[in-house]
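Listed here are the chains, written in short residue letters.
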Amino acid sequence: MLILECPYCGVLADETELTPGGEAHLKRFGPGSSDEAFHGYLFERENPRGVHFERWRHSYGCGKWFHAARATDTLEVFGTYSAQVFDPPEEIRKKITAKRPGWTWKDLS
Amino acid sequence: MSTRLSTFGRLIDRSVQVKFTFNGTWMRGHPGDTLASALLANDQMLVGRSFKYHRPRGIVASGAEEPNALVNLGKGPTFEPNQRATTTELYDGMTATSQNHWPSLDFDIGAINTHLSRVLPAGFYYKMFMYPRAFWKHVYEPFIRQSAGLGQAPKDRDADTYEHFYAFTDVLVIGGGIAGLQAAKSAAETGARVLLIEQTAHWGGRAMVDAQDAETVNGAPVDKYVDEITAQLSQMPNVTLRTRCMGAGIYDHGYVLAYERLRDHAPETPGPRHRLWRVRAGRVITATGAIERPLSFAGNDLPGVMLASALRDYVVNYGVSAGDRTVIATNNDDAYLTAILLKKAGLEVPRILDARPQGGGALMAEAQALGLRVDTGRAIAKVKGGRRVSKVQICAQAGEGGVLDEVACDAVAMSGGWSPVVHLWSHCGGKLLWDEGHAMFRPDVDNPPRSHDGAGFVACAGMANGAMTLDAVLHDAHDAGQAAAEATGHSPKRSKAPAATSCTAAPLAPVWLMPQGAKQELRAKTWLDFQNDVKVTDVQLAAQEGFESVEHTKRYTTLGMATDQGKLSNINGLAILSDALGQPIPATGTTTFRPPYTPISMGAIGGEARGDVFQPIRRTPMHDWHAANGAQSEPVGHWRRPYAYVRQGEDAHDAVMREVTNTRTHLGILDASTLGKLIVKGSDAGRFLDMLYTNVMSSLKPGRCRYGLMCSENGFLSDDGVVARIDEDTWLCHTTSGGADRIHGVMEEWLQTEWWDWKVYVANVTEQYAQIAVVGPNARKVLEKLGGMDVSAGTLSFMGWADGTIGGFDCRVYRISFSGELSYEIAVRASEGQAFWDALMAAGQAFGVMPYGTEALHIMRAEKGFIMIGDETDGTVIPQDLGLDWAISKKKEDYLGKRAQQRSHMIDPNRWKLVGLETIDGSVLPDGAYAVAPGMNANGQRNMIGRVTSTYHSPTLNKGIAMGLVHNGPGRRGEILEFPGTDGTNYKARIVSPVFYDPEGEKQNV
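Taken in order, these protein sequences are the chains called U and D.
Note that numbering that gives the first Met the number 0 has the first sequence beginning at 0, numbered continuously upward.
Note that numbering that gives the first Met the number 0 has the second sequence beginning at 0, numbered continuously upward.
You may find that some hints are simply not true.
What the hints assert, rightly or not - Taking lysine-lysine and the DSS-like style, the derived pairs with C-alpha atoms no more than 30 Å apart in a straight line are:
{"id": "1", "chain 1": "D", "residue 1": "K891", "chain 2": "U", "residue 2": "K26"}
{"id": "2", "chain 1": "D", "residue 1": "K758", "chain 2": "U", "residue 2": "K26"}
{"id": "3", "chain 1": "D", "residue 1": "K430", "chain 2": "U", "residue 2": "K98"}
As the list claims (entries may be wrong) - Sample of chain D residues facing chain U (criterion: CB under 7 Å; computed from the structure):
{"id": "4", "residue": "Y250"}
{"id": "5", "residue": "D251"}
{"id": "6", "residue": "H252"}
{"id": "7", "residue": "Y254"}
{"id": "8", "residue": "R449"}
{"id": "9", "residue": "H451"}
{"id": "10", "residue": "G453"}
{"id": "11", "residue": "N713"}
{"id": "12", "residue": "Q751"}
{"id": "13", "residue": "T752"}
{"id": "14", "residue": "W755"}
{"id": "15", "residue": "D893"}
{"id": "16", "residue": "K897"}
{"id": "17", "residue": "R898"}
Quick caveat, the hints were computed from the structure, so don't treat them as lab data.
Cβ coordinates follow ideal geometry from the N, Cα and C atoms, glycine included.
In isolation and in its complexed conformation, chain U is listed as follows (with noise of 0.2 Å):
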């Protein structure tokens, strides 16, 4: 069971208390966008063995939606931030490649 801490109250929360939103920084594609674009935003998803960006919700504490930058593997956890990012903060991408020199993640490295 993870313990991740919600960066918005500062509280380290049991897996318990937080309900998983599935991979973070989507961009969501509406009326107009291509079959292919919408596709991808709907049904496209990382299933990396490794580095991962992934959306949480303190759902038995404050209520607040975040992020956090995880290994699948290992499950060590690099770090959780605001969820009104478009990207990881800098911060956070750094503590990454000091730990997992050449990671990639879609388009981030």
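Once you have looked at the hints, place chain D on chain U.
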């Protein structure tokens, strides 16, 4: 025979006798016995039948690894199957029965399978039951259902109670042998909080049995050191000790489940039976020891063939000998401990067969000095016997099994080396290394299970870590304890591991098959997995048939499955598989170790969450009134809503019919408090609701209401309800009763993660209000009688709302209708809900008021053709399927689900669409029934063209009415469809308009 000795037995109290029954026969034992030791003391070696061939099976081991001695314990409400006799502490009055036999343990008809074993090879079931197809349902499955499974499922409700316990600790040490005790002490001395758990009732583990006279710790005998260190730990305030508490599983980030058996050994004691510990540990040390491996020789499954270490346990701990004449077979020095002990206990050891050409070290010399005969380079060709070992045939280990000699005996002690218990280490991703010298997998300390910070959070200590001498075990445990404490922020003092003297052993020789070149006929009688009847030939066949992955071989042969999960069989099995594949053992690898370590009770997993406290129930302010007035309730989300108010002399159906009719003709009131009520407020609230709902909410005027639909991003209808605009920047959204929290979550998700710059707040005020629907032709009259605000059609028109007072209650009145009648939904403060309900009931007497429940609500909405989320929708239905195009904005550029509703499948004209259905004979269509068309589909099933989504008897129309989704439905008005029922009846219904009652909507708009 097996019997109680007059000496040894350090764990039993010989001064007290305990009586128990096995298969109905009374037997005697002593406090401190396990069921297994007591059975052996009563010469009951035969304890069960094997799974597939029903071969006689005896006790093999003395601990958690036991594959055979599984029994049914208790009766009625305390009955439990598959209990291991070796870990079941005996108590007075215990009733145990053996499993998997018919008609009796001694004579079992299924044992004929053993003679059929040549035609029941690995994968037999998969191969046999494919053809002919029809046989599966009518012949094979009934037969398998009857014969499959070990033990029986309990029939009665469990009479015991269980609990969960939450614990936080710096260091958790699993295993209370000498390694665990030392690790706990070394950690605790730094001041770290330590929790030490041990699965048995006793501290010290194998060291208490196996320590030799020459071995000492700090100059003292090993058992003295164990007593001393246990006493020290029990005095330390930062240490918690628990026996009968097993580490069941290790999970992410230091989460551990432990399983404490509080009174399995003393069932009369009050309190919970099991306690599930939910532990968060900074660091975990698994000092779980090692398990001895069996040897693979023909007939190794006969009762009387046991692990050498188990024979020692029975003698030393319980004063029980498993046999009078024991032949020893080994590939390492440990088995000599058994030989020496048996000799000292006055028992015969006619032969020690050491597969190593050079034999063993100091212990062999000691055995020989006692006059025991050791044959080196020798092996067991075959064990002979029926329900018990009678003799052993001896051959050369290097040969094919040519018999050189025969020795009569009634027990065989086998030792194939030791496997560290790495299960817990592996549960959360710890990797293993193959240790060539000891022929075992041990933890790869460079690849531990990792915690949130990337550091390993589990360490193994002692034999579990591959330390094989007393001195190495204590050093390893001391280091592990100190390192764990340091990792949790405690500074270790400069203390040293205790000084121990150890005896050295001659190296083990890996022996995976005995003899090395055993012929087919021997291999076909050489068991790897005793519980699941897997033999050497089965694994070889699996490899030959291409099941090269160890995980595939496991599933094909059932090697290592079921309750013991291959604690004895796995390493031997994968060695045979590796040999068959011509690759080294580490290239084959192990199957995945999964929690729990041994089975834990379902009761412990459930804990207190059963019966009334299984799930909290939400109650409206009028909940108790409903219960006191005949309401039969039904679950709706976490609520319990009145289904109908049943009067004396009525059944539920009568009550529902009466409630519908009375509401349509006079006056009904409904507790609608469960409806979700979400306040959406802010300068961007209108824009936000336009994205959430398919229609336009921003154009709604304050004081007005509008019915709205919500879809998910993939276009499917997910919720509906009436939205009221309260003021310029405030809306109140009604959701379905079960959907309030979910929809609140959806709103928060979009606001927080997509449109976070929009100025909108959402508050869930569902429980702040009691809401009552006042429905029927007399609705206005009762409100006017109570008096207060003007509820006339002129002032408060259909789909309007107003604040005011009625009968002195502050209220908000919505003129909305889910029944088609004149209807007011009135919200008052939750605290005043019951009083307002009482006022309506009192004032309504003159107008024929009756409360109505959810079923009447459903019928009235169906008569009107209103859809219900969860009936007409199922996660694959879009609003367009339900003829709700009028509620979908054509003008809006975007709303959730709009893009998805443009996908090719969504605009396919062949989608099933909503229709009304009316049976020809007035009967009620079965819910969920399918409409069939001529012909068959590709799977040989009838072609289906529609299905029933809601179906009721309408008292208003006095006939069966239904709604359904039908292929090209609206275009087939008037057509008669066939609905074959599961009762054999062929129902016929005509496609009609889904609006059965008052299609012009005149009644609700008066």
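Task: Restraint check for K891(D) with K26(U), where alpha carbons must lie at most 30 Å apart - done: With Cα atoms ~21 Å apart, K891(D) and K26(U) stay inside 30 Å; holds.
Task: Interface restraint verdict for R449(D) against chain U (beta-carbon cut-off 7 Å) - done: holds (4 Å)
Task: Interface hint outcome for Q751(D) [beta carbon to chain U under 7 Å] - done: At about 4 Å, which falls below the 7 Å cut-off, the nearest Cβ of chain U leaves the hint on Q751(D) intact, so it holds.
Task: Restraint check, 7 Å cut-off on beta carbons, for N713(D) near chain U - done: holds (6 Å)
Task: Interface hint compliance - Y250(D) to chain U, C-beta minimum distance less than 7 Å - done: OK, holds: Y250(D) within 7 Å of chain U, min 5 Å.
Open item on the list: Please check whether R898(D) passes as an interface residue: C-beta within 7 Å of a C-beta belonging to chain U.
Closed with: holds (5 Å)
Task: chain U contact restraint for D893(D) - C-beta distance below 7 Å - done: The hint holds - D893(D) has a Cβ within 7 Å of chain U, the shortest such distance being about 5 Å.
Open item on the list: Hint K897(D) vs chain U: min CB-CB distance below 7 Å?
Closed with: holds (5 Å)
Open item on the list: Restraint: H252(D) near chain U, CB-CB cut 7 Å. Satisfied or not?
Closed with: Hint on H252(D): holds, closest Cβ of chain U at ~5 Å, below 7 Å.
- [ ] Using 7 Å as the Cβ threshold, decide whether Y254(D) counts as touching chain U.
- [x] holds (4 Å)
Task: Restraint outcome when H451(D) is required to lie within 7 Å of chain U by C-beta distance - done: Holds, because the Cβ-Cβ distance from H451(D) to chain U comes to roughly 4 Å (cut-off 7 Å).
TODO: So, D251(D) near chain U? Judge it on the closest CB pair being under 7 Å.
DONE: It holds, given that the least Cβ distance between D251(D) and chain U is near 5 Å, below 7 Å.
Comparing the model with each earlier hint shows no violations; every hint is respected.
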